[in-house]
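Enquirer: Spelled out from the first residue to the last, the chains are:
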Amino acid sequence: MTNVKVKSVAKTYGPIPVLTDISTEFPEGSFTSLLGPSGSGKTTLLRIIAGFIKPDEGVIMIGNNDVTNVPVWGRNIGMMFQSYALFPHMTIAQNVAFGLERRGIKGEAAHKEVDRALEMVRLWGFGDRTPKQLSGGQQQRVALARAIVIKPSVLLLDEPLSALDRRLRQEMQVELLRIQRESGLTTIFVTHDQEEALTLSDKVAILDRGRIVQIGDPETVYEKPLTRFAAEFLGDSNFLSGKVENGAVRLSNGTVVRSDSALPGNGADVTLAIRPEKMSLATADSQPNRLSARITTVIYAGPVLSYILETPDGLPLKLFAQNRDGRVLREGETVSLSWSPEHTIAVAN
Amino acid sequence: MQNDQLALAQTRGSVDPRVKRPLPAWVSTTALLLPTYGWLTLAVFLPLLTMLGFSFMSATPMGKTPVEFTLKQYRAFIDQPYLLRIGFNSLMMGFWTTLFCAILGFLAAVALVRATVGKAREALLVLILLPFWTNGLVRVFSWTMVLRENGFLDNILHMVAPDAGSISILYTRYAVVLGLVHGYLPYMILTCYIALVTIDDAIIEAAASLGARWWTILYKILIPMAAPGLISGAVLIFIPVIGSFMEPRILGGRVGVTMGTVIEDQFTQAFNWPLGASLSFTLLAVVLAIFATFSGVLRGRTAG
Ligand SMILES: Nc1ncnc2c1ncn2[C@@H]1O[C@H](COP(=O)(O)OP(=O)(O)OP(=O)(O)O)[C@@H](O)[C@H]1O
Ligand SMILES: [Mg+2]
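Listed in order, the protein sequences are those of chains Y and C.
Per the numbering used here, residue 1 is the first one in the first sequence, and the count goes up by one each step.
Per the numbering used here, residue 1001 is the first one in the second sequence, and the count goes up by one each step.
Hints listed in this document are in silico derivations from the structure and should not be mistaken for laboratory results.
None of these values were measured; they are calculated from a predicted model.
C-beta atoms are modelled at their ideal positions from N, C-alpha and C, and glycine is treated no differently.
What the simulated footprint calls covered on chain C by chain Y, stretch by stretch (three residues with Cβ under 8 Å from a Cβ of chain Y suffice, anywhere in the stretch; the number is not a length): (1) 1197 to 1205; (2) 1220 to 1226.
The list that follows gives simulated cross-link-like pairs (lysine to aspartate or glutamate, EDC-like), each with its CA atoms no further than 20 Å apart: (3) Y/K278 <-> Y/D260; (4) Y/K224 <-> Y/D208; (5) Y/K54 <-> C/E1205; (6) Y/K132 <-> C/D1200; (7) Y/K224 <-> Y/E342; (8) Y/K151 <-> C/E1205; (9) Y/K5 <-> Y/D66; (10) Y/K132 <-> C/D1201; (11) Y/K54 <-> C/D1201; (12) Y/K5 <-> Y/D217; (13) C/K1220 <-> Y/D128.
Next comes chain Y alone, as it looks inside the complex (with noise of 0.2 Å):
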């Protein structure tokens, strides 16, 4: 239970730099998820961390340790992988004091902590089964107690739940975040679903070819994307570009479009960002933002209806709305979009 911090670590295979420039702070007790797109190098930094990959550069710190030399058996992890990785030809209890042996801990006392584990993950009483006999849920669940029995001083885990189907893996991820908590394990998980990145953690990351673009709590780095790609991978997002006049962003079609972001000067090329949810369409005392448009296609989804939509100068556009007055609009209409200066995001490319 200590907190973990990355100071500039690169790595390159061969000519390819797989993560540049990292740095950053997983702060004691908190969970933090790394998110971004496959090969964007969120495996090999968990591994560096764990102490699997040595970084070409940089320094790896585990509490007051700098661990950057410390071999994996020696740095007190804990570590969930996607395959389970359990022993096969072992028993669940043994499974959960493998860690526990190699600490010393034996006989009575060890037996304590495995079932204390087992009851953690609510699997007492499978100690004497094999991990042949459990579904994938059990096991990646004895994995966890197995990774946790150890008192680790950070938890890390690779797309964890990725094996499991969906409604166990929502599951699992109450139970993760339940666990999470109940240790106060400071936790580093690698995903790239970013709605469980949203759902579990305090902190989520996103990376981009071997960079840290954001970083800070779920709502911070949703609401308020610093980059195009960051608005881009989490969730979805509507870009406007124009240049800066007078405080407003002037699109190429004209339309004037206020932003609550801070803007560069007069004359300088700007990207707003939008999300779907955040536009409307157009009332009487509606924001000052607004552009019309023609939809293109409609996709019904039960509670939210997605429209897809262009403006007269071919710019598409994503409206998300609450199916709440039982009007849907039809392909073909042509209507008057408006948002919130507050809501428009002035984004770096």
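Keeping the supplied structure of chain Y fixed, place chain C with the ligands upon it in accordance with the hints.
Expert: Just chain C with the ligands now, kept in the frame of chain Y:
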């Protein structure tokens, strides 16, 4: 009307005569198993049975002496107690050869699986199999070149230390075991390799993350998980080794008298096939007894 009849016929399950009736299950089962069992009978049981028949004869049924049924061949170990010592030596030879093969073969397989990938691994595997493909006689004779007095090994030693004596181990049991290990090691490497490649990297990483160092991973994870490979390798090696006669003869010289050479002598020199056959079957019984005890012990340990 016609339709009704058709429907009725179908519900009753009566069979259209034009549709071929499927063969009874036992016919197809027999047909499918025949090649396997036929081959087993031809290649294994017939020769074994013939040998078993020989072992109860009083003389080789090719000479002029009349052949009678007798059990006396099976008293060889009682009548000629020196055979007991030879038998024991053969078992020890099998034991040491299997043990060295297991240690070296397992470590080689671990290195192969954990330290190499792709093309390099395939190339190394082929190199390891090379002694397998060379003629056994050539292989064994080349060892005599290496091991004899003033042989390759001595020459190297004398280059370093000119005054040192000979370290020739030719015509000792060490030489025999050395030659046998060289010849049979590929079996062990292959069976262990096959067992080890199936182990997921994540399992080893999980063990390391829990605090296991390489030797703990070796004896707590790799060896237990690859045990089937070790055991099948041991069986594949032990049995032919205790019956081997070429290596003991060439590399063992005077000390190279083993059950294998004794049995071979009965067939090729003494022309006493019944005795050779009975000795073979006695040896087989002993080996089976050893394996039965061994597997019983193993099962007892895993259950306990
Ligand atoms: N051992 C290696 N040798 C060469 N390149 C590697 C190696 N491991 C990873 N890479 C490269 O590093 C990049 C990042 O890989 P990494 O596994 O960290 O991605 P990831 O974000 O975990 O992706 P995913 O979501 O698909 O798991 C990839 O482009 C990958 O090809
Ligand atoms: Mg990955």
